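Going line by line, the protein sequences match chains W and L. Residues 6 to 620 in the working numbering are what the first sequence spells out, letter by letter. Residues 6 to 620 in the working numbering are what the second sequence spells out, letter by letter.
Do not take every clue at face value.
If several chains are the same, the list does not tell them apart, and a pair holds so long as it fits within one copy or across any two.
[What the hints assert, rightly or not] In silico lysine-lysine, DSBU-like type, Cα no more than 35 Å apart, as pairs:
hint, residue 1, residue 2
1, K333, K593
2, K450, K593
3, K465, K29
4, K333, K518
The set of hints was computed from the structure by calculation and includes no laboratory data. Note that the structure is predicted; figures quoted are calculated from it, not measured.
Number of protein chains: 2
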Amino acid sequence: MKISNFIFGDPLKTESLASERLTKIKALAVFASDVLSSVSYATEAILISLGIVLSVTYTIPIALTILVLLFLIICSYWQTLKAYPKGGGAFAVAKNNLGEFFGLITAAALFIDYTLTVAVSLSAGASAIASAFPNLSNHIVAICLIILMFISIMNLRGTKESAGILAIPAYCFIGIIFLLIVFGLFTEPGIPKFVISEEQQMMMSQATITFLVLKAFSSGCSALTGIEAIASGVTAFNPPQYKNARITLIAMGIILAFLFFGITYLADKFHIVPNYSETVLSQIAKIVFGNNLLYYITQFLTACILFLAVNTSFAGFPRLASVLAKEKYIPSRFANLGDRLAYSNGIIALSIAACFLIIIFHGQTQLLLPLYALGVFISFTTSQIGMVKFLCRKKDKYWYLKAFLSGLGATASFITLLIIIESKFSDGAWMILILICILFFMFKKIHKGYTKTDNELDLKSGGLNKFLIKSKNYQPKVVVPVSRLHKGTLNALNFAKSLSYDVTAVIININNKETERLKLVWRAMNFSMPLVILNSPYRSIVNPFLEFLFEQDNRNPEKGKAIVVMSSFVPGEFWQNILHNQTAAIFKTALLYRKHDSEQTRVIVEIPYQMKLDK
Amino acid sequence: MKISNFIFGDPLKTESLASERLTKIKALAVFASDVLSSVSYATEAILISLGIVLSVTYTIPIALTILVLLFLIICSYWQTLKAYPKGGGAFAVAKNNLGEFFGLITAAALFIDYTLTVAVSLSAGASAIASAFPNLSNHIVAICLIILMFISIMNLRGTKESAGILAIPAYCFIGIIFLLIVFGLFTEPGIPKFVISEEQQMMMSQATITFLVLKAFSSGCSALTGIEAIASGVTAFNPPQYKNARITLIAMGIILAFLFFGITYLADKFHIVPNYSETVLSQIAKIVFGNNLLYYITQFLTACILFLAVNTSFAGFPRLASVLAKEKYIPSRFANLGDRLAYSNGIIALSIAACFLIIIFHGQTQLLLPLYALGVFISFTTSQIGMVKFLCRKKDKYWYLKAFLSGLGATASFITLLIIIESKFSDGAWMILILICILFFMFKKIHKGYTKTDNELDLKSGGLNKFLIKSKNYQPKVVVPVSRLHKGTLNALNFAKSLSYDVTAVIININNKETERLKLVWRAMNFSMPLVILNSPYRSIVNPFLEFLFEQDNRNPEKGKAIVVMSSFVPGEFWQNILHNQTAAIFKTALLYRKHDSEQTRVIVEIPYQMKLDK
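Isolated chain W, as found in the complex (with noise of 0.2 Å):
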């Protein structure tokens, strides 16, 4: 218990869950670490899916094509920022608006973004530490967990109160890459640019052209992610809620962009070639910068914010599985507040999925880069339309035009989705699709499993059983299963004479000597109940004592089932338990998983012999 408390904290109050507010300027680091951090990689995801024939024609046009569609995005969100003030996200106006299917098709979209988030960021912040240090580069998998495993604790702990100190690399991140494009803008590239004669161009037909141009917008829309962010947290928002998060959402895309056409800028001017084992910003920040302090402050600073990005899905994920949880499509423990008032379940289970993910892919960012981006373009279609439909229905003033935008956002996501799916198909995007379906048959399932048991719970819907012990007219029938003559036994046998005058005392016969010598003492006790000996042929102990159960229970049915009363062994230490057959628990199991009616119920009393503890 002491080490726990040392490493996750003192448990904390319910009282104490005082919902913190935040400035702009903290919300906007503490939202836009994500949407940041994908200047590190999304540059380099395209140059890497161009090739470098084609990169030196077309790097620009699709980092301007991501422009405009970051424009059309931040548009819409802006009317859902208004909208729902409530907060809720993509999730919430997707099933508002659309209904169950559409809702849950983006939370299980949404699920499987946050935990591509964390293996992204975790990786690419991975490689930023190994391109500054070289050493590293055959420990990126150690790295990553080692480092998931700090965040996921620091997490467990609730970060609330640190909001305040992450908010300084996040700004120092967005200074020193302001810095370096600037700089970079004044810096003579080393090497001339590349020249492609014709021959190289025509060596490529225009599918295959047209495919790897689809291909590198499509890697490059990672840099959109994140977006989503603020939408999802207008409540953290100082009042008035919405007029500030909508000032941040602007903040962060102005930012965004500046970074994210700079840095591919840069690269292009500079002819970066992408390699595996340096990334494209810290080539550039090398070629800028030189190998001194600056450069390792850059290298150092990427990896953080890519950390914090970590830290952003580390907030989403578990609140979106309170909220399905809550609605009860996902087991209701990951509604349950931690002792350190964080949904615990939500965040191990985000972990664990993460870490699955990076072992899998051997924190390879470019490998995992092709089943990213997928995920969020749902969510920005589906929330988007749903913005367009509760628009339309509430025909505020000017609301043709706010629709027209949600509308022509949400046509831009839907196209960039389906280039996402044709060009990424084989290069993962089918996982994503096939997993988002497994989601949403799951959400489903449990749904129904949950509605079930309401419904046969509800009180209204009659068959209370009404049990009265050994009075004159009434004793019910109680059965003891023996084992040995022991302590336990003997207790069990006594509450069991407690409760009725019908007491049958019942053993298995396996091993005829054991069973001879158990009949001795039976008679030398002389107790006052019948001792029915079970033939067990197979020496099966449960068959035949169902068997001898159910009999039991049709003889008076109107007195109801017969109740078991068990003796149940305890050791005094946990590792005992392997040595004893817990046939208590046997019993049980077989009982209450056996085929059953649920008219009438079976009361099952355990008389428990507890050891005395060794310590």
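Knowing the structure of chain W, use the given hints to seat chain L on it.
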């Protein structure tokens, strides 16, 4: 159920456990497989330990020494067969004559040895196959595991009926190796004898030579493992049992001596140099028979005898485990007969342990062999010392001569044991010694646990509880934890009311809103019992409840501990358990494993609410 019946066979009745007796011919095949199979790897082990230079001089003398040792051990076991006609083997001899300490050390050594026999025989068998079909040499581990699985299933089915069939390959193996040796005597070696210059021998110090020779000797002693098998299985023979067993033992000794020495002689004659891709036996067979059908038959039969040796361990290990379980040194479930009248738990434990060994050592016979033989020689030593003590006590006719022979055997075994430890210590023998210690302390700890339990549960030690339910003079205290008011909890409250008038319902307040709602419903339903609301500022459900319960226990302590009546929920499908909070199970575990005194018994009543099954 049906699939498992298909794989493992239909359950057998206890009655059919008639002991099937074996003729000498069948018994030799069953018991000699293990010891004869060592012919395929013992010579190779000697050659590898000696190296090319020394093998020229020392191979034959070492083989002769091992034959002397074989003679002494067989003499000693010849005594044991008459002295312990009920079988029992080394564990029984050591425990009865030398006490618990040596008995348990012997048992630990035998357990390890049985496991190693499985691993060594499987990997040697797989090597034999791979020598004939070099394509398979990268799949040794897979071959081992597939055959292990097959043999495990065979043994779980019970293999009594198959003893006759198994005799065929055993005798074929003896036949073909006999043929190989006889033909080999008349085959001229292709390569001339390796001549060692003075210098080459001078390069080695005398100490190195001594060490290597001793190491080769102890490696060769793996030929002797398996001799003990007959002594453990005397009861399986036709009467007069011990006489038939003695004849079989001597026959086995003669065959082993001939085959082992023959192969070693041929290896020396043909100047075989061991290599990792082809076994020594395979090389000899190729030289003598040529690369034809006879060669493939030899390899096939070698693999067969090795897999039969695995089977011997699968007979020995579970039987030893059942003996130890009956004497309460290991969990008692090892003494249970499975559906097919085999000691299933022992078989499964052996399979798992062997599986680990094979995977850890990549199925490399020569890596496993240094661990081997040590355990057997511990059991040879203790059981023969035990025999000396036994014979000195009995004072039969010629007892001094018999005791002298056993003593000589014990001394020789003990010296061999020391040589094995000395020469193989750093190769892995240290692991075996540590493992024996660990097993020994485990046996002791488990035995202590059982003894303590038996003493405390003994009826003579007093401390039984009387229970009186709902009489005029007596009202037990009953506590019912309630989370929501549904049919399940109502059943629990009704049952509690039938037990006593002193019932308290308890809710733990984690969420103020929900608690208020529950209070309203409670008032509306007009229960005739108090409802206690326990605040839980830290959202724990267990601690506030237990504190309240212990308070109740202390109120009117003469009434005993408060009875806990809980409703629990049994979903229609097993997987749905993850959807529910398992509060009843959590309370029960917390209650039973919290600090407690064993004087008074807590009664726990579970009122399961069983959902209708979906199917």
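Hint check:
For the identical chains of this complex, K333 and K593 are neighbours both inside a copy (28 Å) and across copies (26 Å), given an alpha-carbon limit of 35 Å. For the identical chains of this complex, K450 and K593 are neighbours both inside a copy (27 Å) and across copies (29 Å), given an alpha-carbon limit of 35 Å. For the homomeric pair K465 and K29, neither the shortest alpha-carbon distance inside one copy (51 Å) nor that between copies (76 Å) is at most 35 Å. Only between protomers do K333 and K518 lie at most 35 Å apart by alpha-carbon distance; the minimum there is 18 Å, versus 55 Å within a single protomer.
Violated hint for the displayed structure: number 3, the only one.
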